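Participant: Sequence:
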Amino acid sequence: MADVRLHVVLHEPEIAANTGAIGRTCVAVGARLWLVRPLGFHLDERSLRRAGLDYWEHLDYRVVDRLQDAALAIGPDRLWSFSTKGQVAHTEAAFAPGDGLVFGPESRGLPPSWLGERPGRTLRIPMRPEARSLNLANAASIAVYECIRQIGFE
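Counting in UniProt numbering, the sequence shown runs from 1 upward without gaps.
Since the hints were derived computationally from the structure, they do not count as laboratory data.
Note that the structure is a prediction, hence the values are computed from the model and not measured.
There may be inaccurate statements among the hints.
Per label pair, the in silico range of CB-to-CB distance [as the list claims (entries may be wrong)]:
hint : residue 1 : residue 2 : range
1    : R128      : V88       : 12 to 20 Å
2    : E45       : K85       : 32 to 40 Å
3    : R37       : R149      : 26 to 34 Å
4    : Q68       : R46       : 18 to 26 Å
Backbone N, C-alpha and C fix where the C-beta goes; we use that ideal spot for every residue, glycine too.
Given these sequences and hints, build the entire structure.
Facilitator: This is the structure in structure tokens:
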């Protein structure tokens, strides 16, 4: 996977519009999108067209059955998980080309077992306490562009 500059991994995404927006961001920066089943929507051509995802043909994406499948393909030591439970701000991470940014489903975030296995690789996006969390597409965009800022844009 060294030829891929950046990976974005969505674990069990629930909302097609969020995934579509993240997919568009991936196209914009040349990142590979990983979708981990189950998905809360369909990826057939009709559904994509109806959702207005006319750029989907330009998206480099993979669909896998388990989060561990993406981790093994990318490299477990290359993954950065994003969670409101993270102790390190996303701007404090030292991203490198080929890294993967992992996000959980909109309603519940990443599984505690996943986060517990990699506490030093769990990041948060700072926000005021009044905001429980950010929209998944917004959080992914913030993370992707911080990573791209650090590794450079081709």
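Participant: At the C-beta level, are Q68 and R46 separated by a distance inside 18 to 26 Å?
Facilitator: 31 Å, violated
Participant: CB of R128 to CB of V88, is that within 12 to 20 Å?
Facilitator: This hint holds: roughly 18 Å between Cβ atoms.
Participant: Using the C-beta atoms of R37 and R149, is the stated range 26 to 34 Å upheld?
Facilitator: Since the Cβ atoms of R37 and R149 sit about 31 Å apart, the hinted range of 26 to 34 Å holds.
Participant: Would you say the C-beta atoms of E45 and K85 sit inside 32 to 40 Å of each other?
Facilitator: For K85 against E45, whose Cβ atoms are near 38 Å apart, the range 32 to 40 Å holds.
Of the numbered hints given earlier, the model fails hint 4 alone.
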